[in-house]
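Given chain A, work out where chain B should sit, using these hints.
For the record, the sequence lines run as chains A and B.
In terms of my numbering, the first sequence has 1066 at position 220, counting the first letter as 1, and numbering is strictly consecutive.
In terms of my numbering, the second sequence has 1053 at position 540, counting the first letter as 1, and numbering is strictly consecutive.
Honestly, the hints are just simulated from the structure, not real lab data.
Heads up, the beta-carbon is just placed ideally off N, CA and C, and yes, glycines get one too.
Just to be clear, a hint being listed does not mean it is correct.
Said to hold, decoys possible - Think about it this way: if two alpha-carbon atoms lie no more than 20 Å apart in a straight line, the pair counts; the simulated PhoX-like pairs of lysine-lysine are:
| hint | chain 1 | residue 1 | chain 2 | residue 2 |
| --- | --- | --- | --- | --- |
| 1 | A | K1200 | A | K1016 |
| 2 | B | K1015 | A | K1214 |
| 3 | A | K1214 | B | K1071 |
| 4 | B | K1015 | B | K1049 |
| 5 | A | K1016 | A | K1205 |
| 6 | B | K1071 | A | K1299 |
Unchecked claim - Cβ pair distances, simulated, as ranges:
| hint | chain 1 | residue 1 | chain 2 | residue 2 | range |
| --- | --- | --- | --- | --- | --- |
| 7 | A | R1258 | B | P794 | 41 to 47 Å |
| 8 | A | G1112 | B | G538 | 30 to 36 Å |
| 9 | A | T854 | B | G538 | 32 to 38 Å |
| 10 | A | L1017 | B | T1088 | 43 to 49 Å |
| 11 | A | E867 | B | S624 | 30 to 36 Å |
| 12 | B | P1059 | A | E1271 | 41 to 47 Å |
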Amino acid sequence: MSIKEYRTASEVRGGLILVRETPGVAFGDRVRISDGRGGTRDGQVIRASNEEVMILVFEGTDDLDLEAVWVRFLDEPVEIALSPEILGREFNGLGEPRDGRPPILSNIRRAVGGSAINPAARSYPREFIQTGISTIDGLNSLVRGQKLPIFSGSGLPHNRLAAQIVRQAKLKDEDSSFSIVFAAMGVSYADAKFFRDEFASSGVLRNVVMFVNLADDPPVERLTLPRTALTVAEYLAYDLDRHVLVVMTDMTYYAEALREVATAKGDVPARKGYPGYLYSDLAEIYERCGRIHERHGSITMMPVVSMPSDDITHPIPDLTGYITEGQIVLSRELHNQGIYPPVHISPSLSRLMKDGIGKDDTREDHPKVAAQLYALYARALETRNLASIIGADELSERDRRYLKFADDFDRRFVGQGEAEDRSIEATLNLAWELMSAFPRDSLTRLSETELAKYYQGND
Amino acid sequence: MMSERNNLGFIREINGPIVTIDLPGIRSGEQVKIGELGLVGEVISLNGREATVQTYESTDGVRPGEPAEGLGWPLSVELGPGLLGGIFDGIQRPLEKIALQSGDYIRRGLSLPGLDREREWEFEPNPELAPGHQIGPGTVLGTVQETETVLHKILVPPGLEGELTELAPNGDYAIEATIGHLRDKQGHSHRLKLYHRWPVRKPRPYLKRDDGISPLITGQRVIDSFFPQLKGGKGAVPGPFGAGKTVVQQQIARWSNAEIVIYVGCGERGNELVDVLETFPQLEDPYTGRKLMEKTLLVANTSNMPVVAREASIYVGLTMAEYYRDMGYDVVMLADSTSRWAEALREVSGRLGQMPVEEGYPAYLSSRLAAVYERAGRVETYDAGPGSVTLIGAVSPPGGDFSEPVTSHTKDIIETFWALSKELADARHYPSIDWVTSFSAHVHAAAEWWHKEVDRRWEARRTQALALLARDAELSRIVNLVGPEALSDAQRWQLEGASLIKEGVLQQSALDEVDTFCSPQKQFALLDLALSIYDKGMTLIELGVPVSHLQDLPQLAKVRRCKSIYNSDQVASITDLGREIEDAFESIRLQYAKQHSDD
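Chain A with its partners taken away, still in its complex shape (with noise of 0.2 Å):
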């Protein structure tokens, strides 16, 4: 079909244009505006009938002239061009050079959108991830192919954090690194450099792939931000072979963009004004990560979801928390108290961790480890709470324990340096030292056998 050019555009508003009498728009098509002074911005197409056509405009709809418009249907989907000299470059939401440098030219095309990854040729994530990090190797390990949020608020240390797993992140006894992929939506310029400096410093550069949409860039290209992003993952894992790990920061802006393009199209708002449909889409994203069945390569997935106001229930971390498997929650108490990395471990859960650890791929005490720091550290709290209303002294001589478990449990096993990068051994050891402070008797979780090995208390 050729292509087709039209000068009816009828309506603006907030990112949208309708267009009338344009037989034959494939719906999902990209689309071409000038806007009669020599600029053009690009489009695609959401709602498509013979009488009208709705486009979203990625550059947004601001100071354009109705009768001035051409809209030209370029009579294919949006897609991105791909080859190995992507590696080190960065883009913006529509996969065009951020850099200064010529756009990527190859045959290989693929559009953005993506399809569903057939559940029955998925494999199931279960290779140990060493992120060197105690809270999250030892409570919430990770595996190749997971998708793994970061839950944070305004002002915590989450990109620090996610630059840290992104430098230390490697498989057990193997130093087969990742590539990464690296999708910022509606951040500061000030984040954008810090992740970039981040990577040049550690010497990872060569091996990302930046998306870049800074705070003050269209928010409707944010939309297909993180497509754009994924298909370059999927690009790098299943035709590169590579292991690559995606970090997307923040789904919180993206999902605000999405409100705003739903609001302009008139869909009915479900919760706090964001359309029924935030699920599906964030699905979408979310579940382009993973592992398939006889392919070397996996995707795995931390993207950075910022919670307003602090707010665990607020739709955005809400729905991803059901989507993703599992999620490390970050505490402004923690933080305040100068403790890095400030992750609350009582909220934060590892879905996956059960087939990526114990026996054969950490170490056969691991999963009652866990289960058990987990028992006594709740206990911990509750006794803290207890000690806050009524006074440490009037406190017991068993709770006086657990008090002190609480804080050093806090000091010496959440917290750790940036630039220290723990094995999982040295983390399980560091666990027994800590709850060899209580008596043999009360440790129930852990087997009898494991007590024998590990226990160092005194009785």
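The following block gives chain B in isolation, referenced to the frame of chain A:
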């Protein structure tokens, strides 16, 4: 299926999965083939010449003006041998075959039948039937050994009635082969095959509905011993993310004494289904000793798969469940999650511009939910004795708020409610079923079974344990305000007793090889052990023994660990431990009595 009417029209508008077509004469609910790709959809409303279609696949690239074709039948599934052990998508396409044809990603417009056409099955005709017999819907024509454990009964499809004119002899047949003929009252002859089709939105008929009589044993203590579910019942597992809904559902799928398990992954994670797919073929069914996959089938519509097929997947699963029920089996269907199903309804209704009532959900949410759950039940089948469908739906309330529409409407319909608690999950108390907010309407019916099969003190012990837990909640509030020193010794012993029940009985690790399944006998032994210790200790405290003396007993740690030391065949060892502790208590009593007499 060609009819008089013109069944070809064209596309007018595309709005995501909702497509408006111009096709006069098409019926509501009819299947439609859309566009040059041949995407399949379903008519959901009619307006003059125009029909609104929801498509089961992404409509990217579809253009107005492309053709639309009415297929003449509503969304149906194929019912016959070859379903078990399989994994199907939301409209019953076999995902393993799709993977062979289209690779790792699902290509659009593929149409593959649910059942294998090539495979031959050994058919054994029903010896009680002979030509000339009157047969009707549900009559068992014969059997096929579908898997080692499941004997598949070949049924006369609902709606057919008349005289059997011919029945094939024993032999190997593919599902399209004729295995018999039936002549109806009008004299028309109908071909009978190993399979038939049934529209998914229509419940399959049965002779009459019955009350449930025996509990579904799941091997999970907090469920079986505290909030039992009857076979044929309907239950819900609501919980915020991370509370362990999926693990509870998978544990039921693994260990329940149902004869058929249907697991519907509706809008959930792909990796969870893979977990089932990879582990079930290796796991052993504790009742038959055979591989679990032999009695299991999966329906998978993961969260990233098209939303309209997600809405259909629950009906597809239910129809297959009813089919096995009609063979006289006890079927359990797990739907994870009904909230995603409700969201699919919301998404479609939003695209249609329907007036939302609560949180964007359409007004028909509650009636649709009720209709889905009502398809569960224990029934008398036409020819295969009693059968049942137990439906257990996971609910994912936004923000863990149980007052939201899907949870609250579900709560009105179901009989067992296993409420998962974030607090328990955060403390890694699994399963995190909260004993305060959960309920079961089946306790009395289940008690009859427990009293006959296990121990006649079951109901009394259950009530005592729940009362102790309630007391524990009260006392904990006091402790949180003024500290444990303010409590009397008896009150502190109550806390200890509740903690024995929580750690020794309620907590159960799905990952622990011994503890993952617990027989009813072991369940009662553990409950009885914890409560006997509590009772005995209380009498000592009443005699004046200080509580710390009892709390320091090393045996208490063993009681907490007992569940993962002894398996279900070693119930006697649990009783022995009880006796050992009784002796220890007795010696404390004697020692104490001696001290007193010395004073």
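Item to complete: Compare the structure with the hints numbered earlier in the document and write down the numbers of the violated ones, lowest to highest.
Response: Going through the list in order, the structure violates no hint and respects every one.
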